[in-house]
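Here's the letter readout for the chains.
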Amino acid sequence: MLLRSWFWLQGQVLVQVEGQERERLLNQCLARGIYLWDIRWKGNKLYFRLLSQDFFLLRPLVRGLRAKVSIEEKIGFPFFWRRFKRRRTLALGSLLFVMIIYAWSSFIWSVKVEGINHPEQQRRLNQLLIDQGIMPGVLRQRVDPSLVEHEVMTQFPELAWARAYFTGTIFILEVVPKLRQPELMQPNHLVAGRGGVVLDVLVLAGKALVDQGDSVQAGDVLILGEQSRRPVSAKGRVLAQVWHETYCEGEAVREYLVRSGTVACRKMVRFLGWELIMSGVKEVPFPQFELEQKRKCLLPWRKSSGLVEVIDETYHELEGKRTPIPESDCAQQLLERALAQAKRKLGEGSKIIDIDNKILSQPGDIPVRVRVRIEAVEDIAVPIPYYPRASEGGIGIGGASGEESSSSRS
Amino acid sequence: MQPGIRFGKRVAEWLDIPADIVLDLPRVTLVGNVELTLENHRGIIEYSPARLRMALPQGELVISGQELVLVSLAQDEVIIKGYIKSLELS
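Keeping their order, the protein sequence lines are chains A and B. Residues in the first sequence are numbered from 1 upward in steps of one, following our numbering. Residues in the second sequence are numbered from 1001 upward in steps of one, following our numbering.
The reader is advised that the hints may include incorrect statements.
Listed next, with one range per pair, are the computed distances between beta-carbon atoms [said to hold, decoys possible]:
#1 A:Val98 to B:Gly1059: 54 to 64 angstroms
#2 B:Val1031 to A:Arg83: 49 to 59 angstroms
#3 A:Val98 to B:Asn1033: 41 to 51 angstroms
#4 A:Gln10 to B:Asp1076: 14 to 24 angstroms
#5 B:Ile1017 to A:Gln53: 51 to 61 angstroms
Some, not all, of what chain B presents toward chain A, calculated at C-beta under 10 angstroms [to be verified]:
#6 His1041
#7 Glu1046
#8 Leu1056
#9 Pro1057
#10 Gly1059
#11 Glu1060
#12 Val1062
#13 Leu1068
#14 Val1071
#15 Ala1074
#16 Gln1075
#17 Val1078
#18 Lys1085
#19 Leu1089
Simulated from the structure, these hints should not be mistaken for lab results. No residue lacks a Cβ here, since even glycine has one placed at the ideal position from N, Cα and C.
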């Protein structure tokens, strides 16, 4: 194989021999030290291969014989190179092709995050990669995968392992999330998260300390984490009537922005994401402004925005205006705002029973003041862990698993 | 056997030297029936796809077969490939 490669580098010819005294020709080649190989018959013609430089030694041998020799094929690097030299454009194109492929392979073409299915975590990881400067079009040399791994492990404590690497022009971040640890049996009470009037108590584990109609304050124990004098993790639901109140005030004016008439212009050229200001202001001189853009593509390419764009930008200065509005309209807006704030305070699964809107200010008062009170029914039970005394069953972790009793008092 | 060859054979046996070196004999290596290597030959007498006659220092070697190809032809060694049916030394 090595010898054949050497023959290819030196250049070889496939020779066809016709006529008589062909064995004699082979013997004469032997006698003169001309190395021949791949000697075979095809039909009534004899073929063999020899080095291209030895072919000229054949001529004096053939002259004295009744044989005719012709070259059937030229094989090897010298012949290839001769053809290549004649076609300079092809040579230049090939060189350019190799250079472009090399240059393009130095950039990141795509970024992949593997091993995570949660869309929110995926979005955060993608954002982290963008913050680290890892995105399509960035030079591979500028990216340090070990640094990315470190950053991911620092910012995502919920991950157990991360590995960043390149596969060609693709940047891949592989992560493995931590397995959730089994929850330890921690005894706890259920206490009131907010004050209210108890409507219904459902106990799954523990001992109820409140009953229907009781008024409770935030922090009061509702269900005790104890059963048959053993500490347990209290479970249950305590529905209570609660009130959420919010207050808002504001002036009966409408504030809006209008163009003052002052404008600033600039013209710039955008090329492959780089922007170059050709004329006009460099910094926008207004704190508040409205922007008008006119884009013109110099080299349009299919449906894309084009490689080179000329952008005309006009900045209009905006100034604030205040117009008085009727107090009733203002009060209505404030009530809507207060209601939205009150609804945000509602717990999960709350049911609104009544909404009480009240305008506190008198006509002509500045500012206009409103109050919204929401009456709702919600589960106010919040678990609070506790550590029982040794006499009550040790530290309590993995403690009593007394038989679950459920009782509904309504 | 000629007297010179007889003497050479005795010397080779006595000195424990391979006979092909001392007596200028050809060495034939056959790999199954597909490849034959012949060392110390004296050239080609006749060559066709079915028959190859090689000249040896003493006599000739006739190789019969099918699709015989001279893979390599050098002064001291020739390698033949194909379906070799018979060898005959004469």
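Okay, the hints, checked on the actual structure:
At roughly 60 angstroms, the beta carbons of Val98 (chain A) and Gly1059 (chain B) sit within the given window of 54 to 64 angstroms. Between Val1031 (chain B) and Arg83 (chain A), the C-beta spacing of about 39 angstroms breaks the proposed range 49 to 59 angstroms. Taking 41 to 51 angstroms as the suggested C-beta distance range, the pair Val98 (chain A) and Asn1033 (chain B) conforms, at roughly 48 angstroms. Against the hinted window of 14 to 24 angstroms, the Cβ-Cβ separation of Gln10 (chain A) and Asp1076 (chain B) comes to about 21 angstroms, which satisfies the hint.
Range check, Ile1017 (chain B) to Gln53 (chain A): about 39 angstroms between beta-carbon atoms, so the 51 to 61 angstroms window is missed. Proximity of His1041 (chain B) to chain A holds as hinted, the smallest CB-CB distance being about 9 angstroms (cut-off 10 angstroms). Among the interface hints, the one on Glu1046 (chain B) holds; its C-beta lies about 6 angstroms from the nearest C-beta in chain A, closer than the 10 angstroms criterion. The criterion of a C-beta within 10 angstroms of any C-beta in chain A is not met by Leu1056 (chain B), whose closest approach is roughly 14 angstroms, and the hint is violated.
Evaluation of the Pro1057 (chain B) hint against chain A yields a violated restraint, the C-beta minimum of about 15 angstroms exceeding 10 angstroms. About 17 angstroms separates the beta-carbon of Gly1059 (chain B) from the nearest beta-carbon of chain A, more than 10 angstroms, and the hint is not met. About 13 angstroms separates the beta-carbon of Glu1060 (chain B) from the nearest beta-carbon of chain A, more than 10 angstroms, and the hint is not met. Residue-level restraint check for Val1062 (chain B) is violated (minimum Cβ-Cβ distance to chain A is 14 angstroms; threshold 10 angstroms).
Using the Cβ-Cβ criterion of 10 angstroms, the hint placing Leu1068 (chain B) at the interface with chain A is satisfied: the shortest such distance is roughly 8 angstroms. Nearest Cβ of chain A to the Cβ of Val1071 (chain B): about 6 angstroms, under the 10 angstroms cut. The hint holds. Given hint, Ala1074 (chain B) at the interface with chain A, holds; its Cβ is 6 angstroms from that chain's nearest Cβ, closer than 10 angstroms. The restraint placing Gln1075 (chain B) at the interface with chain A holds, with a minimum CB-CB distance near 6 angstroms, inside the 10 angstroms limit.
The closest approach between the C-beta of Val1078 (chain B) and any C-beta of chain A is roughly 9 angstroms, which is under the 10 angstroms cut-off, so the hint is satisfied. Look at Lys1085 (chain B): its Cβ only gets to about 17 angstroms from chain A, farther than 10 angstroms, so that hint breaks. Contact between Leu1089 (chain B) and chain A, as hinted, is not supported at the beta carbon level, the nearest pair being about 19 angstroms apart and thus beyond 10 angstroms.
Hint violations for this structure: numbers 2, 5, 8, 9, 10, 11, 12, 18 and 19, all remaining hints satisfied.
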